[in-house]
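Chemist: These protein sequence lines map, in sequence, to chains P and H. For the first sequence, position 49 (counting from the first letter as 1) is numbered 49 according to the working numbering, and the numbering increases by one without interruption. For the second sequence, position 100 (counting from the first letter as 1) is numbered 100 according to the working numbering, and the numbering increases by one without interruption.
The reader is advised that the hints may include incorrect statements.
[Unchecked claim] Only part of the chain P face toward chain H is listed, based on derived beta-carbon distances under 7 Å:
#1 LEU13
#2 LEU120
#3 ILE125
Treat the hints as calculated values from the structure; they're not laboratory data. Beta carbons are placed, not taken as given, at the ideal position from N, Cα and C, and that holds for glycine.
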Amino acid sequence: MGNDDHALIRAVLAGHKDAYGVLVARHGESIFRVAFRITESESDAEEIVQETFLRGYRGLAEFDARADFRTWIYRIAVNCALQVLNKRRSEAVVPIGEEFDDSRPGVQLADAGAGPDRLLLDREIEYRRHAAMEKMTQDERLAFVLRHLEGRSTEEIAVALAVTPNNAKQAVFRAVQKMRRSLAPLWVKS
Amino acid sequence: MNHLSDEQLIEHYFGEDTHRVVAETHLRVCSRCERAYEEISSTLEVQPPEPPAREPRYGEQVWQSIQGQLMPYPAKPQRSRFSMPRLVLACFCLLGLVAAFLGGTLWERSRTRPTEARNSQRAKERVVLFILDDHLERSERLLVELHHADAEKEDPDQSLQTEARQLLPDNRLYRQALATREDPIMNAALDHLERVLLEVANSPDKLNSADVARIEREMNTDSLLFQIRVLRARASRQQPIVESSRKGASI
Chain P
1 MGNDDHALIR AVLAGHKDAY GVLVARHGES IFRVAFRITE SESDAEEIVQ
51 ETFLRGYRGL AEFDARADFR TWIYRIAVNC ALQVLNKRRS EAVVPIGEEF
101 DDSRPGVQLA DAGAGPDRLL LDREIEYRRH AAMEKMTQDE RLAFVLRHLE
151 GRSTEEIAVA LAVTPNNAKQ AVFRAVQKMR RSLAPLWVKS
Chain H
1 MNHLSDEQLI EHYFGEDTHR VVAETHLRVC SRCERAYEEI SSTLEVQPPE
51 PPAREPRYGE QVWQSIQGQL MPYPAKPQRS RFSMPRLVLA CFCLLGLVAA
101 FLGGTLWERS RTRPTEARNS QRAKERVVLF ILDDHLERSE RLLVELHHAD
151 AEKEDPDQSL QTEARQLLPD NRLYRQALAT REDPIMNAAL DHLERVLLEV
201 ANSPDKLNSA DVARIEREMN TDSLLFQIRV LRARASRQQP IVESSRKGAS
251 I
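Could you put together the complete structure from these sequences and hints?
Modeler: Rendered as structure tokens:
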């Protein structure tokens, strides 16, 4: 059995299920990272990783041998993340407010050495950043994460979102503008 | 001064702008665009929390958690490349190809043969008419010279006999070749011409005017000359007909 992804896929399709375990071990962590960046939730990201590899296994027979497995499984992960976001929005667990809400659960910036003013500003920045992410449409959010945090090219984003490169670029642009509007008051304040 | 749009500034931040040097130069001299670019940069420098670190064997743990839900893909049976059904199919295909080839060849042959035969026959006729016309023309000239010699009571030129000797074997060949054709006028004319040529060619070395007169009288060369002119006229009429029918057949 060869070590490259395509050889492993051939082995899986020939009945060697364990070969898929090598693929999961190889790509599991990168899928977790992207899932976390999209959902900003560790538990959601864990769930997405499992769902992604389950779907990947079931769809492996349709995998185009000319394609890159990493890109293919990445796209499945993005779709799974989209579904999680949809579900979360429909349930509306976390209310979105324009003003700073001290009681809002969220990821806080930890800086033990900073003073109280700085800590307060960091919390406000994080809150506004998170609020801006929630205001983005799904495409905008995915495009923003893939471009800004994952460093993907416009073409890769277009493939992942199944849109044209121009639409992918526009989605990134709109996402940045939303983030900019949300954070702008803080730059004036600082 | 044309300021950079927000879209251009964002593209510049991500390094996707097509005119990077132009944008950089503009940002150095335009404070308004520089401020906008700084704001965008500040916005994008705000990083979300980093994903929590995973254990080194994270992927294996994921696999352990999902592998129970997965059924192995059925192993594909190794089929021989030359299994019986494939062999039978291949034989049928081969037979079909051979039958199609033979059928096509026979059909093509049956279709083209009559045309080829007709074309061949016409081509032969054209060649015969062309060559024969040349022979008849030379014969006509010879008979005309004989006629002039007789009319002017002069001894004919030596070349007349030489020409007759040259025409004689040719005429014999034409007569024999055209004997099978249903063309009594042509056959009769060539037969008549051969006897005249034979007489001229076999005369004493120097043919005189008396000899010419005798030959003209005995052999009735005036009648032969008329026949030959008729045949030449007929040949010149047939040639265009054959030519046009050939063109029609080729379309």
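Chemist: With a cut-off of 7 Å, does the beta carbon of LEU120/P approach a beta carbon of chain H closely enough for the hint to hold?
Modeler: Given a least distance of 15 Å, the restraint on LEU120/P is violated.
Chemist: Answer holds if the nearest beta-carbon of chain H is closer than 7 Å to that of ILE125/P; otherwise answer violated.
Modeler: holds, 6 Å
Chemist: Quick one, is the LEU13/P hint okay against chain H at 7 Å, beta carbons?
Modeler: holds, 5 Å
The structure does not agree with numbered hint 2 stated previously, though it agrees with all others.
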